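Chemist: As they're listed, the protein sequences go chains A, B and C.
Numbering of the first sequence is given in this note's numbering, commencing with residue 502 and proceeding in unit increments.
Numbering of the second sequence is given in this note's numbering, commencing with residue 15 and proceeding in unit increments.
Numbering of the third sequence is given in this note's numbering, commencing with residue 50 and proceeding in unit increments.
Note that these hints are calculated values from the structure, not bench results.
Predicted model, so just to flag it, every value in this text is computed and none were measured.
Treat the hints with care, as some may be off.
[To be verified] Calculated lysine-lysine pairs in the BS3-like style (CA-CA distance at most 27 Å, straight line):
#1 61(B) <-> 897(A)
#2 897(A) <-> 64(B)
#3 992(A) <-> 61(B)
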Amino acid sequence: MAAPASTQTVDLVARFPDSVSADARPGYTGFIVKKENLLEVATAIRDEFGYDLLTAVTGVDYIAENKMEVVYHAYKTTGGAGLTFKVQVDRVDPVEVPSVVGIWAGADFQEREAWDLLGIKFTGHPDLRRILMWEGYEGHPLRKDWKEPFFEEEAKPFKSRWPDGQHTFAENKNPFRDNLKFPEGFDPEAYQPENEDDLYASLERFRSKGENDRLKTDHIVVNMGPHHPSTHGVLRVAVTLDGETITGLKPVMGYLHRNHDKIGERNTYLQIIPYTDRLDYFNSMSNNFGYVTTIEKLMKIPVAERAEYIRVIMAELSRIQNHLIFIGMLMNDLGTMYTPSLYAFEERELVLDIFEAVSGARMMCNYFRFGGVVRDIPDFAMQKIKDLVFDRLPAKTDEMERFLNENEVLVARLKGIHVLNAEDAIKYSVTGPVLRAAGVPYDLRRAEPYSVYDRFDFDVAVRHNADMMDNYLIRFDEIRQSLRILEQAIKQIPEGPINSQKPAYQVRVPAGEAYGRIESPKGELGFYVVSNGKPNPYRYHVRPASFVNLQAVESMCIGAKIADFVALLAMFDIVMGELDR
Amino acid sequence: MYGKGILKGLSVTWKRFWDTYTEDISWMVRGKKRYNTQEGIAHRSSKDTKGIFTVQYPEEQLIQPEEFRYVPFLVYDEGEEGKKEIRCTSCGICAKVCPPQCIWIVRTNDPSTGRPVPVPTNFYIDMDICMNCGFCAEYCPFDAIKMDHDFDIASYERNVYNLEKLLKPASYYNSIRPENAAREDEARRAKEALKAAKAEAKPAAAA
Amino acid sequence: MENEKLSLPNYNIPEDLENVVAITTLDRLYNWGRRSSVWPLMFGLACCAIEMIAAQTARYDMARFGMEVMRPTPRQADMMLVSGTVTKKMLPAIIRLYNQMPEPKYVVAMGACASSGGPFKEGYNVVAGIDKFLPVDVYIPGCPPTPQALIAGMIKLQEKIDKQSIKKVRWYEKGKVDSNYVPMPVLGPDLIDVRRNAEIKQAASQKTTQESA
Ligand code: SF4
Ligand code: SF4
Ligand code: SF4
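Chain A with its partners taken away, still in its complex shape:
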C-alpha cells in the first residue's frame, strides 16, 4: 500500500528545493509541484526516479481555498509504492496547467476528462476536446458550484424524504419539467448544434503523408457504433480507412456516462458501495473490493481476518467468470456467433449462483462493507464454491482450451497479429492482462500486495509475444492462477467474525486523501477519495481500467486491417459502465 512513509523515500524536495514542497495538509501525502516547473519535475520523476507508469490523473476543485488541484499518481512497473504529486492553480478561468502527455502518453484521456468535467485546461495537450459530454454542453459538471438539473441538496440524505415525505417526481420540481437545464433566455429554435469537425480533424493527425502519392486514393471515414454489436456496449469509434487499412482512429465515448463521480460526491460513504457495483458490471465484487480498501485506508481500520479471505475468494471467482466471458465474447467477435459464449455463460451462471447465495443478487452484489463483508458464506454456498474450484472449473477450463486453441479459424485470426509491445503499453499506462501479455509481469497482487494476497503462492501470468494469441491465452493462465489462489484460500480460511466494525449506516472518515487500487480483471482499478471529515466524500474519483487502457487503441490499430479491429478492441475487455462511468 502507498503508505506515507514509503513515498517519502523519494526525496523530491531535496532534488528540486525551489519548485517542490511536501504536501503538509493533515491526511495528505505527496508533493506539491509549482506549475511552472511541472514538466521539468515530471521528466525527472520518470527518468531519474523511474516512475514509468502514470496511472491516475485527476482534478479536485477546492472551492473554499479558491484553488484547483491536479493530482498525479505515478508508479514503477517493477512494483512498490507510488509517488503522488500535485499542481495547484488559482480557480480563475481559464484554469491552466501544462499537459504531461508528452512525458506519459497515458495522461491523454484523463486530462481530457479533467477538462470536460472540471474545466482544467491542459496547455500543450494535442487534442483537448470534451470526452464524456458532448461539445457544446454547458458547464463543467464536477465543479463544486455547478448544480445538476435535478439538484435537491448538497448531500444525501435529502431532508424531503422523511418525516414528511410525500412522493414527488423530481420532474415536478424542475422548471423544464425534466432533467434539463438551459441558460437563461435560451432559444432552442435559433440554436445551431456544434458539428463534429473537431473530431474528424483530429483523425487527420495520423494520416500517412506522402506514402500513397502514386495512386490517388480517397480515405473514407467510418463510424462504428454507438449501436454496434461488437463494440461491447455503446462505444463509438470513428475510423478513417485507406482501402481496408486503418489510417486514423478515435474512440468517442460518453454514451454511458452516468455521472458516477458527481453522484458519488452527494452520497454518503456507505451509499457509494452499491454504485460501484455498476461500474464494471461483470465484476461487482472487485469494484466493491477496490472501493472499500480505499476507504479503509482513509479510516485506518483493520479488516476482519475471515472477511479478508472471503473477499479474496469472491474477487477471484469474479475474475474467473470475467475471463471466461471474455473468451466467449472474443469468439463472438471472431465470428463463431454465440456457441462458445453459451458455454462460457454456463460456467458464469454457476459462479453467479454463489454470488446470489452469499449476497442476494447475481450481478450487483453490494457485498463488501467497511471492515469486512455483510454476511458470512452459508454452508451450502461454501460447498458449491468447493465443488466449482476443485472439480468443475479446472475441468471446464481445460476443456475449453482443448476445443478452442487448435481451431484453425481462431489461430488464423489471432496468431501473429500484433497488439502492443511492452514499451508502448507502459507509455499508454495500460495495465492488466494486455500489459502482462506484452511481457511485463506487473500484477498489483504481487507488485503492491493488498488484502491477504501476500499469503498465497501463485505466479503472475505473463507471456511475451504480445500478439493476440498471447492475449487470448493469458486469460487461461490467469484463470488457472486464480484457481490456485482459491484452493489455498479455501483451505486456509479461518473462522471468526466477518466484520471488524459494528454495522453502522454512517461512518466517520477523517479528513485526508487516499488512492486505493486493486488488480481488477481488466487492469488497475483505482479510487481517489478526498474526505473533509463530513459524511460525504469531498472528491470521489474512479480510475477505471478500461478507460485508461483504451488510450492505446489509437496507435495500436493504425496500420491494422479493419477486420482485425474488432478483435483488437476486444483484447482490452472494455466494459462501458466502467469506461464512461
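Since the structure of chain A is already known, use the hints to place chains B and C with the ligands on it.
Modeler: This is chains B and C with the ligands only, laid out in the frame that chain A set:
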C-alpha cells in the same frame, strides 16, 4: 489435418446433445423425474450438470437462495381479527440510508398532542428508482422492511408503491426467509425479555 | 394462459383433428403470429444488457418464446428492449433506431434506469426514463431484473399483444400516418426535445425574469 480443430469444436455441441438424452435415460432408469422437480432443477444447477442446462421458466423456476433480493416490502404482523400491525415505526433510517433516495415516509403525528406516533401514515417507494441494494432491510432496526423474492412484477405503468402495496404479512416473510426470520424473532424476544427484566429490576432498585 | 393456443376456446374441435385444424379469428391469428416471434433488437446499453444476454443463454433460453433472433439491424426487429441507462448523449441514436424499426413495434423498458432513470436519475447526463420519448409497453422494475424477471416481463408483453385488435392498433389507425415517428432530439447546452421547443423557450425566459425580479 486442416479442419480438425473445427470438427473438435463442433463435437462439443454433439456431446451436449448426447448427454442430454443419456442423462434423461439414466434418470428414468433410476425412476426419478428430471424436469419440473426441485431435485432435477437443483441437479441442473450443480457442478454435475450435464446436457441440457435450461430451467424452463415459467413452468420451472430456479431455486432461490434465502438471501435472494429483489424489491423491498414492508412486514406487518397479523393481529387479532386480521388487524395489520405494521412493524415500521417510521424512524426514517431506511430513507436516510437509501442510496438513490427512493423512499418517502410520511410520519404520523398524534392529532391531539402533535407528537409523532410510531407508525407511518404513508410510505412510498419508487420501484423504478430502487436499485435493489438491500440497505434498507439491512439497517432497519425493527425488521420492518425486507427484500422480497417475488420478481414477477412487470407492469404496463410506472411503479410507485405506496404503503398499501408494500405491506405483506410476517407469515410471508417467514416463508421466504425462514432462517433469517427465526434468527430475528429470537433476537427480538431476547431483547424484550431483557427489557422486561430491566423494567422489573428498576422498581425493585428504586424501592 | 388460455390464449396461447391458436384456436378459439369456445369451439370444440375433435381430438384427432386438434393439431390439424384451427378455428380462429383474424385478430387471433394475427396476434398469435406476432406474439410467438417477437424479435428483439440486439441492443444493449448498460448492466441490464448483460442480464438480457444471460436470458438468451442456455439456462433461461428465450428461444422458447420465439425471441432468440436478436437482430442487429432495426429494420428487422419487432421489439426494442431498452436495457440500461439512457443517457442524453445516447438518446439521438436510440430515437433513430426506433424510427427505423418497422411496425408493429414494441418498447420494453428493462430495469429501473430505462423506466425512470433509476439510481442514476439525478445525474446530469441521464434521461429520466425512455417513456419521455418513446411509448413504453412494459416496464420491468429491478436493477437489474434477473433473467427470469425479464422473461416474466416478456410474458406480460405477450399478454398485451394478445389483447390487441388489428383494427385498433396505433399503427393501422387512419389519418395518423406518422404517429410513430419521434423527432430527433438535439444536443445543445442540454438535451433539446424539439417537440417542446416553445415550452423550453418560455421556461428559459421565465427563469430570467424570476431571477431579475
Ligand atoms: S422501515 Fe424500518 S428503518 Fe424504515 S422507517 Fe420503518 S422502522 Fe425505520
Ligand atoms: S433496496 Fe436500496 S434502493 Fe431500494 S429502497 Fe431499499 S435502500 Fe433504497
Ligand atoms: S437498472 Fe440497474 S442494472 Fe439496469 S442499467 Fe440501470 S443501474 Fe444497471
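Chemist: Hinted pair, alpha-carbon criterion (27 Å max): residue 897(A), residue 64(B). Please report holds or violated.
Modeler: OK: residue 897(A) and residue 64(B) at ~12 Å, within 27 Å.
Chemist: Hey, residue 992(A) versus residue 61(B), does the alpha-carbon distance stay inside 27 Å?
Modeler: Roughly 19 Å between the alpha carbons, so the hint for residue 992(A) and residue 61(B) holds.
Chemist: Are the Cα positions of residue 61(B) and residue 897(A) separated by 27 Å at most?
Modeler: Holds - the C-alpha atoms of residue 897(A) and residue 61(B) are around 11 Å apart, at most 27 Å.
In this structure, none of the earlier numbered hints is contradicted; all agree with it.
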